[in-house]
Amino acid sequence: MPTNMEYSEEISLKELFYILRKRFVLILALTILAMTIAGLVSFYVLEAEYQTSTTLMVGKPKDYQGESGIEYNELMLNQKLVSTYGEMVKMRVVADEVIKDLGLEMSYEQFKSKVNVNLVKNTEIIELSVSDNDPLLAAKIANHTAQVFIRTVKDIMLVENVQVIDTAIVPNNPIKPKKLMNIAIAGVLGLMLGVFISFLMEFLDNTIKSKEDIERHLGLPVLGMIPDDRH
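Position 90, counted from 1, in the sequence shown is what my numbering calls 90; the numbers after and before it change by one each time, with no gaps.
No lab work stands behind these hints, which were simulated from the structure alone.
These numbers come from a predicted model, not from an experiment.
For glycine and all other residues, C-beta sits at the position ideal for the given N, C-alpha and C.
Be a bit skeptical, because a hint or two may be false.
Claimed, not checked - Here are the simulated distance ranges between beta carbons:
hint, residue 1, residue 2, range
1, Asn118, Arg92, 14 to 24 Å
2, Ile19, Asn118, 44 to 54 Å
3, Val170, Glu15, 54 to 64 Å
4, Leu46, Arg151, 29 to 39 Å
5, Lys22, Asn116, 42 to 52 Å
6, Val170, Glu109, 19 to 29 Å
7, Lys100, Ile197, 52 to 62 Å
8, Val120, Glu160, 13 to 23 Å
9, Val120, Leu204, 51 to 61 Å
What the hints assert, rightly or not - Under the rule of at most 30 Å between Cα atoms (straight-line distance), these lysine-lysine pairs were calculated in the DSS-like manner:
hint, residue 1, residue 2
10, Lys112, Lys100
11, Lys90, Lys100
12, Lys121, Lys90
13, Lys100, Lys176
14, Lys112, Lys179
15, Lys154, Lys121
16, Lys140, Lys100
17, Lys140, Lys112
18, Lys121, Lys178
19, Lys140, Lys154
20, Lys121, Lys140
21, Lys179, Lys140
Construct all of the structure, not just a fragment, from the sequences and the given hints.
Structure representation (structure tokens):
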């Protein structure tokens with residue numbers, strides 16, 4: 001024979017399923033509505049964003065020597081200086097030249113927001129990625145920024161052995177928006193909203209509409225029902 005606690009948990013579980021079944025149409029409608037809105041926004045409102053990247057390998061400054069007069073190990077030195085080179089990619093002197101050469105109608109701040117520099121850990125490699133709504137323009141900016149950076153770093157840091165490993169190519173597929181993911185997230189949120197509203201409506205509704213309501217709320221068995229002959 002179940003204990004009082006087990007009986008209480010059983011009743012609560014039954015009530016849970018009863019509410020979800022009772023408001024199933026509402027929950028389903030909100031879920032479909034949320035997914036539909038997310039799909040329309042993702043496919044027809046949000047503008048596609050493309051990303052491409054180029055990789056560069058940088059060397060040590062010309063005639064660089066340590067305090068003791070003994071030349072540093074070239075590989076270790078390059079790895080230490082690569083973070084400095086990475087910051088130089090986004091310098092105003094580089095950005096202004098790229099903007100001028102390509103005839104871009106954008107500010108220095110807008111250029112910086114499009115360009116991202118990733119340093120490959122424990123290597124001499126810098127990955128320069130560019131995002132833009134135009135895939136062809138993204139590739140042009142990435143490749144030209146790499147060339148301008150090479151000239152700039154040679155002048156400032158006296159680095160001779162800077163070379164492009166991979167040039168940026170025109171991307172075919174956008175990185176944003178992630179349409180299917182947006183729809184899936186919207187579906188989950190719509191489902192959660194539907195469940196929340198269902199429980200809220202049930203909590204605020206204290207009327208009795210069926211024999212199940214009598215049995216659940218009053219704890220009395222229903223012996224009979226009088227049909228409504230008004231229709």
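Okay, the hints, checked on the actual structure:
1. A hinted range of 14 to 24 Å holds for the C-beta pair Asn118 and Arg92, which are about 21 Å apart.
2. Separated by about 50 Å at the C-beta atoms, Ile19 and Asn118 satisfy the suggested range of 44 to 54 Å.
3. With their beta carbons about 59 Å apart, Val170 and Glu15 fall inside the hinted range of 54 to 64 Å.
4. Between Leu46 and Arg151, the C-beta spacing of about 37 Å keeps the proposed range 29 to 39 Å intact.
5. Range check, Lys22 to Asn116: about 51 Å between beta-carbon atoms, so the 42 to 52 Å window is met.
6. Range check, Val170 to Glu109: Cβ separation about 25 Å, and the 19 to 29 Å hint holds.
7. Between Lys100 and Ile197 the CB atoms are about 56 Å apart, so this pair conforms to the stated range of 52 to 62 Å.
8. Judged by the Cβ atoms, the range 13 to 23 Å given for Val120 and Glu160 holds: they are separated by roughly 21 Å.
9. Distance hint check for Val120 and Leu204: the Cβ-Cβ separation is about 58 Å, which falls inside the suggested range of 51 to 61 Å.
10. Pair hint Lys112 plus Lys100 holds up; C-alpha atoms about 15 Å apart against a cutoff of 30 Å.
11. Note on Lys90 and Lys100: the hinted pairing holds, with a Cα-Cα distance of about 15 Å set against a maximum of 30 Å.
12. Between Lys121 and Lys90, the direct Cα distance comes to roughly 19 Å. Compliance with the 30 Å bound is thereby established for this hinted pair.
13. Distance restraint check for Lys100 and Lys176: the Cα-Cα separation of roughly 28 Å lies within the 30 Å cut-off, and the hinted pair is therefore satisfied.
14. Taken as a hint, the Lys112 and Lys179 pair is honoured in the structure, with Cα atoms around 26 Å apart against an allowance of 30 Å.
15. The suggested pairing of Lys154 with Lys121 holds, with an alpha-carbon distance near 23 Å, which does not exceed 30 Å.
16. Note on Lys140 and Lys100: the hinted pairing holds, with a Cα-Cα distance of about 13 Å set against a maximum of 30 Å.
17. Restraint check for Lys140 and Lys112: the C-alpha separation of about 15 Å stays at or below 30 Å, so the hint holds.
18. Between the alpha carbons of Lys121 and Lys178 the distance comes to roughly 28 Å, so the proposed pair stays at or under 30 Å and holds.
19. As the CA atoms of Lys140 and Lys154 are separated by approximately 22 Å, the hinted pair is consistent with the 30 Å bound.
20. Between Lys121 and Lys140 the CA atoms are separated by roughly 26 Å; this keeps the pair inside 30 Å, and the hint holds.
21. Between the alpha carbons of Lys179 and Lys140 the distance comes to roughly 26 Å, so the proposed pair stays at or under 30 Å and holds.
This entry satisfies every hint, going by the numbered hints stated previously.
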